[in-house]
Structure formats: C-alpha cells, structure tokens
Amino acid sequence: ITDPNGNVWALTYDTSGNLTGVANPAGGGFSATRSAAGQISSLTDGLGNKTSYQYGSDGLLATFVDALAGKWSYQYDGVARASIRTDPGGSALSADYSAVNHITALGADDIKSPFDYSGLQRDSLNRLVSYTDSFGSQVTYKYDSAGQLSALTLPGGKTVTYQYDRARRLSRVADWAGNFALYRYDAAGRPISVTVSGGPIAIYQYDAARRLRAIVSTGPDGLPVAGYRYTFDANGNRTTVSALEPYAARTTLAANSFTFDSANHPAGRSDGQTYTYDARGNLVAIQGTRAVTLGYDAFGRLLSFNTESSTSYSYDSTGLRVVRTTNGTDRRFVYDPAGPEARVVMEADSSNAPLAWYVYGLGLLWKVTADGTPYFYHFDGDGNVVAVSNAASGVVNRYRYDPTGLLVGTTEGVENMFRAHGETGWIDDGNGLIFTNRAYQLPELRLTLPAVADPSPPAPNLLPQFPGAGACFVEGVAGCLFATGRRQR
1 ITDPNGNVWA
11 LTYDTSGNLT
21 GVANPAGGGF
31 SATRSAAGQI
41 SSLTDGLGNK
51 TSYQYGSDGL
61 LATFVDALAG
71 KWSYQYDGVA
81 RASIRTDPGG
91 SALSADYSAV
101 NHITALGADD
111 IKSPFDYSGL
121 QRDSLNRLVS
131 YTDSFGSQVT
141 YKYDSAGQLS
151 ALTLPGGKTV
161 TYQYDRARRL
171 SRVADWAGNF
181 ALYRYDAAGR
191 PISVTVSGGP
201 IAIYQYDAAR
211 RLRAIVSTGP
221 DGLPVAGYRY
231 TFDANGNRTT
241 VSALEPYAAR
251 TTLAANSFTF
261 DSANHPAGRS
271 DGQTYTYDAR
281 GNLVAIQGTR
291 AVTLGYDAFG
301 RLLSFNTESS
311 TSYSYDSTGL
321 RVVRTTNGTD
331 RRFVYDPAGP
341 EARVVMEADS
351 SNAPLAWYVY
361 GLGLLWKVTA
371 DGTPYFYHFD
381 GDGNVVAVSN
391 AASGVVNRYR
401 YDPTGLLVGT
411 TEGVENMFRA
421 HGETGWIDDG
431 NGLIFTNRAY
441 QLPELRLTLP
451 AVADPSPPAP
461 NLLPQFPGAG
471 ACFVEGVAGC
481 LFATGRRQR
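Take the sequence shown: its letters are residues 1 to 489, numbered as in our numbering.
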C-alpha cells in the first residue's frame, strides 16, 4: 500500500489471508506468527525484538511476554472481563465490576480499594444531574427540551448557561458574571469565529479540503494577539506555518540523540542522561543533568515525581486525580465528569476554598479567579495556549512552542495551568508533566505514564499507522505515531 506521502509499505499474508508481515519504507516493520485460530502468537520488529502471546481455550489472552522477556498473565471473570493481571515482578492487580461494567473495586496484593459512584446522580434518561466529589464540592446539570445541556452550576453556585442554534450547534456560552462567548459556523458546520466578551475574537479559515488553514486571535483592544497560517502539500501534510507569535523571543534547543532498549523505551541520551524502568515498564528514574525519581501506587498509577520540586498525586474513589501536592502545598481539582473525558472546572486550596473556575464551550474559553477577574485564552491551530488576556490588563501571559508542540518559552503575569493542548483541558503540572485526565505525558521523552489502573491485556496489532499532517510530541494528538509509553524509532 502507498501512504499519504507516496511511500510504499509491503504487506504479507498467510494462506488464510491473515496479515503476517509489514515492511515500512525506512526498512523496519514487524513480522508475526499466528496460531491455528489465526491469533497473533508472536511479533518481531525489524531489530529482532520479540513479544509473544498465548491464549486460553476460550480464545482470551492468558500470557504475554514483552520484549524484555517480562511475563504478564491474565485471568477473566465469567463474562470475559479482565479480573486479574500479574506483572513480571509477581504483583497482581485485580478488578471487580458492576453489571454495567464499571469497576467497583481494585485489588493489589493485600490492598483492596472499593470504588464509590454514589456522588454521581442520574435522571430517568440516564443523564447526569449532579456530581459531588470526595471533598463535598458539587456540580449540577440542567437540560433543555432537546436534551442538550442548558446549565452547568459549579461549586459556589456559579452557573454557566448554554444556548444552541436551529441546527443544534452551540451558539452562546455565558457565566454568572456576565462573561459570554458567541459561536458562528459556516455552511459545512465548521466554527468560523468565536467572539468573547471583553474583546477577544478568534477567526478560523479552512481550505477546500476542510483543513484548518488559518487562525487569528485578537485581544481586548481589538489588535491581533496571535495568528497562524498553515500550508499543506498534495498529500495533506502540513509543510509551513507563518506565525504572529505573542512570545517573540526565539529559543535554541540542544540537539540530542537517544538510544532505546528492546521494549522501545528511551535508555540513554547523548548528553549522558540515562533512564531506569521497573518490571512493569514504568519510568522510575532519570539520571544526569536533571535527576528525577518517580513513584507509583500499588495499582500502578503515578504517585510522585521528584526533581527540583517534589510533587505527589492523590486519586479519589472513582479514579479521578483530585489532589496535586507540590512542595507540601495542596491543589485540589473539581471535575465535570459528564463528557467523554472529565475536565477540571474548579481549582481549590487545601481547605477547599476556590482559587479559580473554568468555563468551556467547544473547548476551554476563560477562567474566573476567586476575586472575580476573568482571563481569556488564545490558541494556535493545535489547541496550544499561546496567550492569556484580560480586558483591563491586556495580554498577561505569553507562550511559544517548537514545531513539534513542545513548550519552549513563556512569560507569565498570572498563574495558569493550561498550556500545551490546553484547549482540550490538558493540565501542565509545572514539573515537566502534562496531565491529560487519563494519563501523564512526559514530553521530553515522549513517554506516557499511567494515571488509571487497568488490568486489561494488550491487543497486538500489525496494521501500519501513518503520521498525519500535524507534528506532535505526545500520544493522543492527531498525527501521532507513538504507542502508549513508547516512542517511534
């Protein structure tokens, strides 16, 4: 097959029509052996690194041997849900489930942690009507006659209202203090502008192939704050960007090369930095110019990240990360869990006093601090926050990213936790980690660190994946070629 860049990938099949090999244009790829039932029993990459899979009589994966020869085993309940996972170090993670497949308890060796969903209240149509977290903070929901969200009330009685046009597209978002945003769409249903009270306006343009071609954002004074124009080649790959950057200073990055272990983890860097992993494949230490130690709880979730600062994390009985402690100071997070991914709608201190509320429309729009001051967000075409502004103060924060989306420059006048991919609600923890509400990303190594306990087995996949038009540095962004916890060679 030919990929979007015109490169030819060679695929091979067995006599039953099962895919058994993929050779990529760079000379790498995978080869597979299969069982009589057609299931993949081993995968070998272009460097000879091998993973193997064994299945039970029910066809479910029973044993997985990773590329470092670590053995993982899996057991299942009566309806084929993964109930026990034993890792190469011999530690077992177990899960109990409800009738609707929610995890009701997690076990790790001698520890049993029940899950409690009593804070989630639903109506007769199974719509979420209220959520009360473990600290007593409550979020409530109201819906219109069409079933669309019409009001979201945040802790402290702060209500955000939503209105829709005749095509049932979001047209207006307004908060309790009179701040609002208005959306306009083209005939194809793509947003072409968002106008925010206090002055900011974002305008979007698209090419004939419906790709975002340009985005311009103005500030409270009506003058441009940021602007980006993208060009594409015939295959849809982004080739150039012309940018008006809020952060004008240029940054020179050190050029480093990496070595990798058999499991495709970064093992060393050309400046002498090295990396250590536990039996589960989780990063536990970085040695070198920036020393880091990492710790995980019994369920495999990231618990601590210690470098120049000391950071620890706490999770509630539904699995949400609700506290980040930095050098002894707690920051609590209140979520709206109604969507596909929970997103933070309020920050609070250790006594649960609000520090800021966050308002979303099609993406993050603005925040309101405890003293009632609104701050509005400006984005590039990848959803990275490039500026924060206020009607009275103008632009107060400025950010710059390299072509892969890595933050390389910043000036801040106000505290802000949304930076790279902030439009989607990803949180910059300020220590080198980005929290995606499902995992942690470590951009400097392109690694994913776990924030969710999951006993599910891996699913071997031979299908080739092609990089898209946008460059990226973390898994989960359109165009990425990085598997969880791994970097493309």
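For the record, the hints were derived by calculation from the structure and aren't laboratory data. Treat the hints with care, since some could be wrong.
[What the hints assert, rightly or not] Here are the simulated DMTMM-like cross-link-like pairs (lysine to aspartate or glutamate), alpha carbons at most 25 Å apart as the crow flies:
| hint | residue 1 | residue 2 |
| --- | --- | --- |
| 1 | LYS112 | ASP316 |
| 2 | LYS158 | ASP123 |
| 3 | LYS112 | ASP278 |
| 4 | LYS71 | ASP261 |
| 5 | LYS71 | GLU341 |
| 6 | LYS50 | GLU341 |
| 7 | LYS158 | GLU341 |
| 8 | LYS112 | ASP371 |
Bear in mind that the values here come from a model prediction, so they are computed numbers and not experimental data.
Verification of the supplied hints:
1. LYS112 to ASP316: Given that 25 Å is the threshold and the Cα spacing comes to 14 Å, the pair holds.
2. LYS158 to ASP123: Holds - the C-alpha atoms of ASP123 and LYS158 are around 22 Å apart, at most 25 Å.
3. LYS112 to ASP278: 22 Å, holds
4. LYS71 to ASP261: 17 Å, holds
5. LYS71 to GLU341: With Cα atoms ~32 Å apart, LYS71 and GLU341 exceed 25 Å; violated.
6. LYS50 to GLU341: The hint is violated at about 34 Å.
7. LYS158 to GLU341: Distance ~22 Å between LYS158 and GLU341 Cα, so the pair holds.
8. LYS112 to ASP371: 42 Å, violated
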